[in-house]
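The listed protein sequences correspond, in order, to chains A and B. Taking this note's numbering, the leading residue of the first sequence gets 1, the next gets one more, and so forth. Taking this note's numbering, the leading residue of the second sequence gets 1, the next gets one more, and so forth.
It should be emphasised that the hints constitute simulated quantities derived from the structure, not laboratory data. Ideal Cβ positions, reconstructed from N, Cα and C, are used throughout, including at glycine. There could be a bad hint or two in this list.
Selected chain B positions facing chain A (Cβ under 8 Å, derived; list incomplete) [unchecked claim]:
#: 1; residue: 16
#: 2; residue: 325
#: 3; residue: 332
#: 4; residue: 570
There are 2 protein chains.
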Amino acid sequence: MAEYKVPLKDMSFLLYEVFKADDMWQKLPKLAEQVDKDTAQAILQECAKIAEQELAPIARQGDEIGVSFSDGVVTTAPGYKEAFNTYAEGGWTALGGDVNYGGMGMPKMLTALHEEMLCSADISFALYPVLTAGAALSLAKHGSDELKERYLTRMYSGDWSASMCLTEAHAGSDLGIIRTKAIPQDDGSYSITGNKIFITGGEHDLTENIVHLVLAKLPDAPAGPRGISLFLVPKFNVNDDETLGEHNKVSCGSIEHKMGIHASATCVMNFDESQGYLIGELNKGLACMFTMMNFERIGVGIQGLGAAVRSYQNALEYAKDRLQGRALDSKVKGVKNPAQEADSIMVHGDVRRMLLNMKALNEGSRALSSYIAMQLDYATYGEGEEQQKGEALAALMTPVAKAFFTDIGFENTVTGQQVFGGHGFIREWGQEQLVRDARITQIYEGTNGIQAMDLLVRKVASSKGVLLKVFTDEVSAYIDDNQNEAGMAEFIAPLTEAVNDLTELTTELLTKSEANINELGASANDYLHVFGYTAMAYIWARMAQVSLTKQDSNGECGDNFYQSKLHTARYYFTRVLPRRISLIAAAKSGCDCMFDINDELF
Amino acid sequence: MAEYKVPLKDMSFLLYEVFKADDMWQKLPKLAEQVDKDTAQAILQECAKIAEQELAPIARQGDEIGVSFSDGVVTTAPGYKEAFNTYAEGGWTALGGDVNYGGMGMPKMLTALHEEMLCSADISFALYPVLTAGAALSLAKHGSDELKERYLTRMYSGDWSASMCLTEAHAGSDLGIIRTKAIPQDDGSYSITGNKIFITGGEHDLTENIVHLVLAKLPDAPAGPRGISLFLVPKFNVNDDETLGEHNKVSCGSIEHKMGIHASATCVMNFDESQGYLIGELNKGLACMFTMMNFERIGVGIQGLGAAVRSYQNALEYAKDRLQGRALDSKVKGVKNPAQEADSIMVHGDVRRMLLNMKALNEGSRALSSYIAMQLDYATYGEGEEQQKGEALAALMTPVAKAFFTDIGFENTVTGQQVFGGHGFIREWGQEQLVRDARITQIYEGTNGIQAMDLLVRKVASSKGVLLKVFTDEVSAYIDDNQNEAGMAEFIAPLTEAVNDLTELTTELLTKSEANINELGASANDYLHVFGYTAMAYIWARMAQVSLTKQDSNGECGDNFYQSKLHTARYYFTRVLPRRISLIAAAKSGCDCMFDINDELF
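Sequences are here, hints too, so could you generate the full structure?
See the structure below:
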């Protein structure tokens with residue numbers, strides 16, 4: 001397996017050349033205090049070292065050995081505790097945190113790239129700090145000062161980690177029907193009782209305490225999602241002097257044996273009159289949780305990207321080294337590698353197709369996730385119209401980031417495995433682990449089917465297309481501004497067609513849904529992918545535009561990086577973007593063929 | 001996990017209603033002696049019992065425990081030896097075998113369905129007998145009478161199994177560069193020395209002897225594929241009285257640890273001056289091997305189908321049981337399941353989409369594989385034009401069966417896993433095993449990229465389109481004959497468009513390839529899938545046509561089976577067939593965007 005190398009040059013290209021993040025940081029007062037280009041570069045470089053040198057090397061043994069469970073105790077795989085300590089001591093657990101409680105207050109544009117590095121190195125490891133950061137966001141936004149002082153500071157310091165306890169055996173996608181109960185106590189705390197499943201990092205040996213954020217209902221709460229409250233339940237209670245007190249009545253009943261992410265503890269958590277503390281208002285638990293969700297869901301999208309980036313690097317190294325067969329055009333153009341008995345498999349069109357699909361989709365995903373992270377930063381740190389626009393775009397594109405990046409991320413891990421041929425199926429090469437690890441990203445934090453419904457029903461249809469228009473207006477303005485620029489026609493023309501088709505498809509689906517709402521459910525998945533490929537085309541056009549400025553009069557970029565970008569952009573528009581055509585045809589074909597058939601005929 | 005139920009009704013529908021296999025069997029003298037409808041039905045029913053009752057139950061523990069290796073000895077997982085004995089005692093190892101040596105001489109149309117059952121139950125188990133049957137085909141066709149009397153009879157009896165030893169560490173897709181040597185001995189045998197990897201069933205404890213078919217080269221053999229010969233190397237030499245003699249100098253050096261098919265032994269085999277016997281002519285080894293390849297490659301396609309069928313059955317049961325959320329149209333049409341707190345997830349359009357994709361592609365694959373098996377039967381048992389046509393279609397469609405069925409088979413296992421949500425990722429449910437087991441089918445027996453090249457370069461382009469025309473002429477004749485039939489317009493119209501587009505695409509690619517042969521390599525994968533979806537449309541039209549005859553004047557079929565077929569056909573044409581549009585766009589976009597970019601820019 002290739003040694004993991006963080007694509008730092010691509011990250012800088014996106015931050016400073018494509019999205020001018022440094023200008024944005026300077027402009028927004030709350031960010032200007034925390035970050036500038038030099039700080040950001042130092043952070044990315046140091047994080048790259050951790051990912052490459054500390055985390056990537058433990059991933060294989062993490063997969064083989066996994067976490068173990070005995071009598072309620074969860075033990076992580078060899079090397080994880082040391083790696084976590086190094087990570088926490090480096091201050092990385094505080095990276096995106098609230099500066100008032102010891103966080104570093106870095107923008108999402110940076111923490112997103114940091115997450116990609118962690119996930120390329122080892123998704124299993126990444127989940128421990130990434131979920132803690134997600135829980136911290138919710139606590140920072142909705143928790144009382146007292147809770148924040150007591151818990152948030154220790155989460156940022158890396159002393160403690162966190163889990164999010166949502167799912168129950170009968171309630172996953174449908175949280176409205178959870179049964180975990182919260183009984184108010186005289187001291188203002190709550191007694192929490194119930195069983196949660198699929199709790200990532202619910203129990204482990206990396207930190208001395210674990211802070212559980214738990215969804216539960218009061219006995220008299222309204223039915224459904226509007227009766228859900230959010231509670232903080234520490235594994236160990238905390239004394240007033242901040243030392244750890246007695247073990248709370250919460251325990252890990254078992255861990256799951258899974259397809260992948262073997263080094264991540266997926267726990268059954270039993271709360272048995274545990275002492276808990278309300279976060280935010282009663283019955284507003286889902287809203288508190290969703291604060292975190294936009295950040296988490298983009299984070300899950302980035303997990304898919306992370307695995308795919310690693311898979312690409314491995315596949316490329318393998319393809320260059322592997323000699324097998326001769327190029328198809330050997331008879332016409334002569335043998336390419338006459339010194340050896342076969343050519344590198346890079347000569348084969350189908351191998352190039354596989355590698356370029358991965359390259360175009362990975363770089364496109366990184367760029368699009370940076371764009372969405374920028375919207376989250378505007379939403380968090382901006383003001384006025386800019387802030388509103390950021391919020392709108394983040395809300396619209398969060399489900400796309402989660403589902404689209406993980407669907408194509410999984411596809412890319414499978415493609416990278418395919419490049420290896422038989423060796424891709426053998427565990428020791430590491431390629432198949434990426435497939436197994438990436439697979440969960442399409443499922444958890446809301447399945448990709450749920451994300452598609454979120455996009456088309458809750459975001460696009462509920463806003464009667466207004467949210468979508470925020471995005472398509474930006475793209476249309478970009479097209480107007482740049483369509484006559486030299487060299488841009490080959491990108492602007494297909495982008496124009498794609499965005500027009502997206503608008504037309506949206507109108508058609510919303511119109512049809514007035515007569516039959518099932519049109520939305522039936523088309524949601526195809527719609528999300530049409531949106532994804534179109535949005536990625538917009539970002540690829542912007543990347544191509546920057547790269548074109550580096551060309552000399554012969555059409556050559558002095559720097560291979562930009563030359564490669566231009567070629568990859570062309571590949572994206574030529575070979576990848578046409579995927580949207582079939583998706584549109586399917587989305588437009590209506591829901592009758594799905595709903596006319598009775599359940600017993602399946 | 002649902003209990004596996006063999007889709008016997010669909011199998012009978014295909015054999016007797018769609019393809020009139022019983023008529024074909026009666027018509028072909030060599031088959032008429034062996035098989036009629038009653039025999040065939042008895043075989044399918046008995047095989048279903050074995051698959052459902054003996055094989056399906058051992059698959060999970062086979063995955064968890066796997067094969068083990070110690071000091072050259074390979075031990076299969078608990079239950080495998082007993083299951084193999086039951087299987088062999090039932091006579092199943094002789095099913096497709098040459099009647100002159102103890103085989104049952106059953107047609108491929110039956111053995112293909114038998115293979116599907118085995119693979120739905122447990123691909124790992126299936127590989128032991130299926131590879132033995134493949135090796136037996138090659139031996140039956142090319143071996144001397146003496147070799148056949150000595151070895152073939154015992155392979156059919158199930159006493160002995162076989163392996164195919166092709167791949168070496170440096171030579172997989174490119175067999176021309178193998179290094180295993182065969183030195184002629186005075187007694188007419190050969191001394192075989194070399195190392196083979198990825199040898200399925202190379203060593204195990206299921207049978208008392210293992211017959212290895214080994215590709216090797218004589219010292220003075222021509223370079224490349226034309227210097228390859230095929231040898232039979234038994235694990236134990238066989239005495240003249242047919243008892244086992246001494247252990248031949250062949251040993252298993254290790255077994256691979258793999259992503260899936262854990263219960264199948266994937267061996268490194270070391271031949272160290274092993275005694276071997278030539279099969280067929282010297283330097284014609286590849287041709288002897290390819291006798292088997294057409295059968296094997298369809299068999300691998302069927303493995304993908306087998307896993308996908310199981311995944312569908314599990315996902316359907318889960319979807320019907322799982323209550324989560326309410327239908328989108330609850331507010332308009334009322335709650336569907338008011339007695340409980342949520343509806344079955346069958347109400348959601350996206351779940352129906354996933355299930356119907358699986359259903360349409362699985363039933364389409366079974367039908368298309370039956371069609372191709374029928375061509376193989378014509379090629380093997382037919383005469384004159386019928387035989388030639390069968391050979392042409394089998395040659396053309398074998399790579400499609402292998403690559404298309406395994407690509408969509410893998411897709412379907414992933415889809416079936418997605419229906420389970422988080423539970424799909426947990427090992428105990430069994431859904432994720434199907435994904436891991438199916439994944440290898442896209443890789444071995446020639447990667448799907450190699451299959452695509454085989455189709456477009458070796459079959460379509462080398463014949464200048466003549467082979468393809470055998471198929472498109474048949475479809476065109478079908479369209480001409482049936483386009484005015486009542487109810488067929490909705491199927492015939494898109495089929496006509498699809499087959500015309502395929503012809504046009506072929507012409508365009510062949511024309512462009514005259515200037516640049518790389519156009520074929522660049523488009524091969526997309527082309528194969530266009531072909532697959534188009535061929536499947538033809539078969540779906542034929543299935544729809546039969547089902548239409550069962551409709552009464554109200555458009556209702558008395559039997560749910562036919563009603564379901566009609567709905568599924570409509571789903572296929574409406575939602576699945578449009579996939580070809582994007583593939584055509586990609587295939588037509590040319591190879592420049594893949595080859596203009598230098599290797600160092602990847």
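**Asked** Does the structure break any of the earlier hints, and which numbers would those be?
**Response** 1
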